[in-house]
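There are 4 protein chains.
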Amino acid sequence: VSGEKAVLLISCLDQRGIIARVSNHLFRNGCNIITSDQHTDFEDGHFFWRIFLDSQSLSLAQLRAELDKSMPELLPGLGLKWQLHDASQRDRLVLMVSKLPHCMMDLLSRHHENELDADIVGVVSNHPDLAPLVHPFKVPFTVVSITKDTKAKAEAHLLAHLTELRADTLVLARYMQILSGDFLAKWGKPVVNIHHSFLPAFAGARPYKQAHDRGVKLIGATAHYVTEELDAGPIIAQATTAVTHRDTVADLARKGKDLEVMVLAHAVRAHLRKQVLVHHNRTIVFE
Amino acid sequence: VSGEKAVLLISCLDQRGIIARVSNHLFRNGCNIITSDQHTDFEDGHFFWRIFLDSQSLSLAQLRAELDKSMPELLPGLGLKWQLHDASQRDRLVLMVSKLPHCMMDLLSRHHENELDADIVGVVSNHPDLAPLVHPFKVPFTVVSITKDTKAKAEAHLLAHLTELRADTLVLARYMQILSGDFLAKWGKPVVNIHHSFLPAFAGARPYKQAHDRGVKLIGATAHYVTEELDAGPIIAQATTAVTHRDTVADLARKGKDLEVMVLAHAVRAHLRKQVLVHHNRTIVFE
Amino acid sequence: VSGEKAVLLISCLDQRGIIARVSNHLFRNGCNIITSDQHTDFEDGHFFWRIFLDSQSLSLAQLRAELDKSMPELLPGLGLKWQLHDASQRDRLVLMVSKLPHCMMDLLSRHHENELDADIVGVVSNHPDLAPLVHPFKVPFTVVSITKDTKAKAEAHLLAHLTELRADTLVLARYMQILSGDFLAKWGKPVVNIHHSFLPAFAGARPYKQAHDRGVKLIGATAHYVTEELDAGPIIAQATTAVTHRDTVADLARKGKDLEVMVLAHAVRAHLRKQVLVHHNRTIVFE
Amino acid sequence: VSGEKAVLLISCLDQRGIIARVSNHLFRNGCNIITSDQHTDFEDGHFFWRIFLDSQSLSLAQLRAELDKSMPELLPGLGLKWQLHDASQRDRLVLMVSKLPHCMMDLLSRHHENELDADIVGVVSNHPDLAPLVHPFKVPFTVVSITKDTKAKAEAHLLAHLTELRADTLVLARYMQILSGDFLAKWGKPVVNIHHSFLPAFAGARPYKQAHDRGVKLIGATAHYVTEELDAGPIIAQATTAVTHRDTVADLARKGKDLEVMVLAHAVRAHLRKQVLVHHNRTIVFE
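Line by line, the protein sequences are chains A, B, C and D.
Taking the numbering used here, the leading residue of the first sequence gets 18, the next gets one more, and so forth.
Taking the numbering used here, the leading residue of the second sequence gets 18, the next gets one more, and so forth.
Taking the numbering used here, the leading residue of the third sequence gets 18, the next gets one more, and so forth.
Taking the numbering used here, the leading residue of the fourth sequence gets 18, the next gets one more, and so forth.
Chain A extracted, bound-state conformation (with noise of 0.2 angstroms):
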């Protein structure tokens, strides 16, 4: 029998046999572990486990019933924190845009070639500007715009928009406003983001200004997860790519949008694989 397919993530403080315990545990439910990744950091006692699992003969509800009652017994003491995602429920996506079009269509286009495990489920901008662009992948495109005086309205109707798509996650896709800590707090959910430059070199605004002004040989992007502090939060993914003197401001741009694509489109599809942990400001990424 094949039966569901689910993750399961496993975090707590290291000790000898959690290993055996919990894969024992899972076989004797009749699970089968399809693939498994760990990780400890020594310089903590941390332990990480990711494991992609078929529950055969249960239901997930039933698996789920099951390790609600037995995890706590089976690794007591450690401070655990253990997650079950469905792997056939997929992630309802919300890109966030201003007028660089680059990293949306690349992810509309590869959610359009099914290489996405999410459902786009809308677009919000602060600009009319990309609408049309967006209309044949059949997304809804909605204008929240955003001024200074605005900020906390428009931040109050972006969250009542957000909870009417159901979303999961935000991905901002070179959205030009920073999100408020007061939004961030009551989103409550994952925010990734891609920052133009290989942080924490150049964070803030103008990276490709600030390192065509350094004289760096090689340009980045950085995908992140959002926290209160500007361009500080965890990250998930980083590429640089070779620059020369003769790049202006204008060709690192150029030069840089493909890197922001590909970064982005690889810290995506790793947080929707749930193979992201986040421990310290630092980030775990099983791939």
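Please note: incorrect hints may appear among the correct ones.
To be verified - The calculated DSS-like cross-link candidates involving lysine-lysine, where the alpha carbons are at most 25 angstroms apart (straight line), are:
1. D/LYS272 to B/LYS291
2. B/LYS272 to D/LYS98
3. C/LYS116 to A/LYS155
4. B/LYS272 to B/LYS206
5. A/LYS291 to C/LYS86
6. C/LYS116 to C/LYS170
Calculated from the structure, these hints are not laboratory results.
Dock chains B, C and D against the given chain A, drawing on the hints supplied.
Structure of chains B, C and D alone, referenced to chain A:
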């Protein structure tokens, strides 16, 4: 308590419950799994597992005896192969070279900086040229001349020398001779070679000349296990670097040297850490 | 004054004084050299030069007339070939596709963001599937069906259509048909193709399957000019990315898509900027 | 006839006709331009030119005398700076090291294989440890101890030693001391340093620790000219490599070593070939 460290490699047909059974068994014998990597080839249903463990209260000899007895019972009927490598026992490596020193110098330097989990117990060359460079590393340098007519005799001599050195692995670090199938069969242990192209392109002689003639925009290097068929053994590591129309064949050779050094070091390191399993002329590399 | 911008391409046998004679001549005619790139192939003594110039007081028509007269006198007996490209005149590009949209979407998006120095004047496919995706870009989409039996007729139809569109360059953006030598001869203008392997490895059909079977640790993509011999034309751009034993053939195809997109965009951009010269089935790419 | 080879570097304000005037002048003096690279910084209108030439019938002394006379007349009022480097005259390089051998070993090995256009005339260290490794390369090894209290005296000693060695360029190959502004001013010649991060990120001490704490997904290395401000001089070359959550600080240091070696070798090579010009704390690197 902290016991002895070891790498346990398991390869068998895939089946539900393997992870549970083995990890449970190790736990009951007091072992602690430090890291664990597994892979299933879904095309032919083969399962591969690398466990880095601490034997805790058991000695490795006791653990080996225990596994000898229990493993066939734990995983019956699956064509099981397993190996237990004592992590404290360093492989004995022999480098084979001709006249080009770059790969040899790199491996000797890494060895000197204690970066390799191995002892380089000898350098064998068909030319005397590199002897002075080996001298400060205090590794014996031996010349085994080889010509078309003397090949059989030279290989017999080489084999005797390797036996004397109690070598575990041969590394062909730009060795310009082809080892015969007869030699490989008698030697019976791993031979790692570096080929100066991104195989399977430009197999055979003068790959940089071939690359230049074809006008490729990148050149590569490939580290692989040596099999009787030339340049066709299982690939362990590869890398490429960009080249342009400005690069002559000599420039390709110069740029390629850096690739050869890095790719060979990468492959040797993975091999020594018992991270490489061979399956159907392909490798699984657990890194 | 600022006049008209143009690219002057020169190819001839190498000789002392070419740079002096031509740059002096351009200066006397009031032209300003903005950038200049040259290359000498020392193997066969050929010289290649790309000059990006501002014609200042002259019109390009006047400059062209002047060069028509003077160039044969300036560089006699050297097998001279030269071209003057008006930088303000955008190439007319036609994309040819089948069912895979990724390369097409990327080029249409770049076109839409005004990143390409060209007008995409048509998309031609042997299948209707991609029509809706092309719609928002306001580029005509045409289906030219092709089967084994109708190939000659279909190619005649295609040729007529391209003539109607006044196309300058064809880009095969994962077009799954092979254009006949007869068609190529009649068309007589550049055709850029993307092949999904690091040629010359894995030429022909199903390169990702071939790559998987050989167990390579990196996959690649190659953009090249199409010649009558399949996958053997002059290479413009290549790139590779790392893969592991975990990657199935489907994973290779997914990872490879990103390479194909980037490598094809790179090659098309260089081609459109008149940065590519062909010599002996190799390219000189002035970037 | 084939004469002497030289590199002519020109830097001045941009103006129409510079290329024509200089190339024509060189031609009239019988010189043959072998390769030519130029760059205009359009932000501040500066022009940079590197010419690799064959002086043919003239000796370089004659050519130098000729240019001394004619260059100010050819390019008047443009703030002209020019240099003529005899390509046959090899720079005299001194390596400065502490206890880490990898960059030093790499440069000595390249020197030994005749890959560098320079003579390494000395290795200076503040520790005696690396002396045995230098021995087979027949390069003098000198210890110049340095402590907080003896810095001024040690630097005076160092300066005297470098003068004795007639050194042209210093290469800090993981030298763990900071050279004072006073020393740099007195020395007055190029100093190339390798920093183990992708500057400007993680400037200062313990960059691998900083990188690990921030949780970056790539680490880098930067070769730059040393200026009085620490880690802020003009960047010559940079590279990065991927890291994961598995990498400890020690792993980053090990992976980073390979980057440091490659980036420093790249920068030293470009410097020695007179391919690097400095402008406004940025470099133009003609490769």
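Decide if the proposed pair is consistent with the structure: C/LYS116 and A/LYS155, CA atoms, cutoff 25 angstroms inclusive.
Between C/LYS116 and A/LYS155 the Cα gap is close to 19 angstroms, so the pair holds against 25 angstroms.
CA of D/LYS272 to CA of B/LYS291, is that 25 angstroms or under?
holds, 19 angstroms
Verify the proposed pairing of C/LYS116 with C/LYS170, using a straight-line Cα cut of 25 angstroms.
holds, 21 angstroms
Is it true that the CA of A/LYS291 sits at most 25 angstroms from the CA of C/LYS86?
violated, 68 angstroms
For the pair supplied as a hint, B/LYS272 and D/LYS98, confirm whether the alpha-carbon distance does not exceed 25 angstroms.
violated, 33 angstroms
Hint check: B/LYS272 vs B/LYS206, CA-CA at most 25 angstroms. Holds or violated?
Measuring from Cα to Cα gives roughly 31 angstroms; hence the hint is violated.
The structure fails to meet hints 2, 4 and 5 from the earlier list, while all remaining hints are met.
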